[in-house]
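S.K.: Sequence:
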Amino acid sequence: MRKLIILNLLVVLSSCSSIRMKYEATIVDDLFHTAQFEYYKSYDVGNLDTWCMVTGIFLGGACWGYLAMPSEELSKSTAADAHKKMAQIFGENNFKHNNVQVSGYGWSELPEDYSFPSGEPLVNNSPYIYKREATSAKKKADNNGIKEN
1 MRKLIILNLL VVLSSCSSIR MKYEATIVDD LFHTAQFEYY KSYDVGNLDT
51 WCMVTGIFLG GACWGYLAMP SEELSKSTAA DAHKKMAQIF GENNFKHNNV
101 QVSGYGWSEL PEDYSFPSGE PLVNNSPYIY KREATSAKKK ADNNGIKEN
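Once you know that position 101 of the sequence shown is 101 in this note's numbering, the rest is easy, because the numbers rise by one and skip nothing.
If you're looking for bench data, these hints aren't it; they were derived computationally from the structure. If you're wondering where the values come from, they're calculated on a predicted model, not measured in any experiment. Careful: at least some of the hints might be erroneous.
As a list, the in silico EDC-like pairs of lysine to aspartate or glutamate whose alpha-carbon atoms are at most 16 angstroms apart [as the list claims (entries may be wrong)]:
(1) 84 to 38
(2) 22 to 112
(3) 41 to 24
(4) 22 to 92
(5) 84 to 112
(6) 96 to 38
(7) 76 to 30
(8) 85 to 112
(9) 41 to 81
(10) 22 to 72
(11) 22 to 81
(12) 41 to 92
(13) 96 to 72
(14) 85 to 44
(15) 96 to 24
(16) 96 to 44
Listed next, with one range per pair, are the computed distances between beta-carbon atoms [said to hold, decoys possible]:
(17) 99 to 68: 35 to 43 angstroms
(18) 51 to 30: 42 to 50 angstroms
(19) 64 to 89: 37 to 45 angstroms
(20) 72 to 1: 38 to 46 angstroms
Ideal placement from N, C-alpha and C gives every residue a C-beta, glycine not left out.
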């Protein structure tokens with residue numbers, strides 16, 4: 001009986017209540033500037049850790065559910081949250097997503113985070129996407145070396 005209590009205690013202490021998700025994409029604006037974008041967010045796995053504790057003594061029970069992570073629903077939530085974050089950064093509908101990958105990244109509860117591995121987006125003649133501060137005509141003129149007055 002003591003071994004069973006110790007086993008349950010170990011399962012409870014080592015179970016994961018959050019999964020860290022990673023969204024990766026190449027984003028492209030209407031002028032074909034590109035940037036790599038990575039987005040990280042932790043999500044609660046619901047009561048899977050509790051079910052794992054309760055049923056774990058029966059050949060692993062609900063603990064096998066961790067092997068199925070991330071679920072399709074969780075991947076869709078991650079993509080939707082990443083799109084919201086990009087809309088905050090670049091404005092609505094000013095970019096396209098290419099080479100999208102959504103995956104589990106770990107089992108931790110950390111704050112939302114994002115990065116641009118290809119470099120921070122810059123303004124004016126940058127090889128990366130930049131915030132929409134001017135009209136498309138002005139940006140195209142600037143990219144062609146023509147300065148508007």
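S.K.: Against the 16 angstroms threshold, does the CA-CA distance of residue 85 and residue 112 hold or violate the hint?
M.R.: holds (10 angstroms)
S.K.: Would you mind confirming whether the straight-line C-alpha gap from residue 96 to residue 38 stays at or under 16 angstroms?
M.R.: With a Cα-Cα distance of about 14 angstroms, the restraint between residue 96 and residue 38 holds, given a limit of 16 angstroms.
S.K.: Check whether the Cα positions of residue 84 and residue 112 lie no farther apart than 16 angstroms.
M.R.: holds (12 angstroms)
S.K.: Residue 96 and residue 72 were given as a pair; does the straight-line alpha-carbon distance stay at or below 16 angstroms?
M.R.: With a Cα-Cα distance of about 22 angstroms, the restraint between residue 96 and residue 72 is violated, given a limit of 16 angstroms.
S.K.: So if I understand the rule, the pair passes when the alpha-carbon distance is 16 angstroms or less; does residue 41 with residue 92 pass?
M.R.: Roughly 21 angstroms separates the two Cα atoms, so the pair is violated.
S.K.: CA of residue 41 to CA of residue 81, is that 16 angstroms or under?
M.R.: Cα-Cα ~9 angstroms, so holds.
S.K.: Residue 72 and residue 1, beta-carbon distance inside 38 to 46 angstroms?
M.R.: holds (41 angstroms)
S.K.: Would you mind confirming whether the straight-line C-alpha gap from residue 41 to residue 24 stays at or under 16 angstroms?
M.R.: The hint holds at about 12 angstroms.
S.K.: Does the hinted range 37 to 45 angstroms hold for residue 64 and residue 89 at CB?
M.R.: holds (38 angstroms)
S.K.: Checking one constraint from the list: CA of residue 85 to CA of residue 44, max 16 angstroms. Satisfied?
M.R.: Not OK: residue 85 and residue 44 at ~19 angstroms, beyond 16 angstroms, violated.
S.K.: Need the status of pair residue 96, residue 44: alpha-carbon distance at most 16 angstroms?
M.R.: Outside the cut-off at roughly 29 angstroms; violated.
S.K.: Is residue 22 close enough to residue 92, meaning Cα to Cα at most 16 angstroms?
M.R.: violated (22 angstroms)
Comparing the model with each numbered hint stated earlier shows that hints 4, 7, 12, 13, 14, 16 and 17 do not hold.
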